[in-house]
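In this note's numbering, the protein residues as written are 1 to 346.
Hints are computed from structural coordinates only; laboratory data are not their basis.
Mixed in with the good hints, there may be bad ones.
Straight-line alpha carbon distances no greater than 16 Å define the calculated EDC-like cross-link-like pairs of lysine to aspartate or glutamate that follow [said to hold, decoys possible]: (1) Lys267 with Glu331; (2) Lys267 with Asp335; (3) Lys289 with Asp216; (4) Lys289 with Glu262; (5) Lys267 with Asp329; (6) Lys292 with Asp194; (7) Lys267 with Asp186; (8) Lys289 with Asp258.
Simulated restraints on C-beta separations [to be verified]: (9) Ala59 with Gly228: 38 to 44 Å; (10) Arg321 with Thr137: 31 to 37 Å; (11) Gly121 with Asp186: 20 to 26 Å; (12) Glu281 with Arg189: 18 to 24 Å; (13) Ala236 with Asp329: 18 to 24 Å.
Quick reminder that beta carbons are idealized off the backbone N, C-alpha and C, glycines included.
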Amino acid sequence: MVQETSLGGGDFFTKTYDLVGCLEDAEDMIHVLITGAGGFLGQRLVSSLLAQGRLGGQAIGRITLADRRLPELPNAKGVEIVGREGDLSDRAYLAALVADGFDALFHFASLLTIEAEQNSGLAWDVSVESLRYLIETAEGAPKVIYASSIAIFGGALPEEVGDDVVPLPQTTYGTQKAICELLIADHSRLGRIDGCCLRLPIVVTRPGAPAAAISDRVAGILREPLTGHDLAAPLAPETPVPIVSAGAAISAFLTLVDLPAEALPPKRAFNLPALTVTVAEMVAAGVRKGAKGAVTYAPDTQVQRIVDGWPRRFTSVAAARLGIGPDTDIEAVIDDFQSQKESHNG
């Protein structure tokens, strides 16, 4: 059965699937909150959480999904799934999200590059103020896992960018990601949360229709030909891009949330190691994997400029010590996408 409840202070509602099975010892179960849960990483995370059923050695009793729009909620035996649609710039919506408390927060929500450049005020509310509110009102020092970005880096970069390279973002999106890293570090220092930030390279690739995000324009270089669509690639063929599969990204997030605070490095933000390939290598790998769409090259000035400002090789000693590494090769990245595409279509 599905229940829908209209809530004041924001245009959102709650869907709750009745539990299948009995939740014994519910007080020992944990509540996970995911913002940006309607995105492809959020959906992939939910599937992984339901598959493993536990975090940090404790059973998951409830998962709350928050986004402007959510897909149909999954059925889950023994886990309560709550979907709340709303706007993270709405304080009443945020208050409703934290009203019941949470034990772990995966904060994936943000306004992406192009939209943030066009509306920095809204971007601040969605990307920074929402996080500040969630962590300042949180109780019980919950785990907070934040999806940061390669976009915090820019300017004159070395060939290889590790954790200790000083951030110099060249976009509003990257600047706000860097600010959020500092917020999480400070609140972790104060003991209010147990936070960690993982800087994502370009995640390849989201199933479905193309999106306006710069990262999706890059990811589309694989997705579109592999799904039978012709593509005018927005980057020059020799452009190097650091990529990671969605599966590797989710695996890294789940590794981090399970770690005790003492196992984390003093610096609570580090890079997710990436596999670097050129655009031409992506196209060639797609052909080897059965891509039917034709690819031509039509570099987009804005996309090329932004991607050229990002690191080319993205590494992390801290991540490697925790067992977090890049995909083995471009074929592994494509295999991950194709497995999810089949699931998405099914």
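query: Going back to the hint list, which numbers does this structure go against?
result: 1, 2, 3, 4, 5, 6, 8, 12
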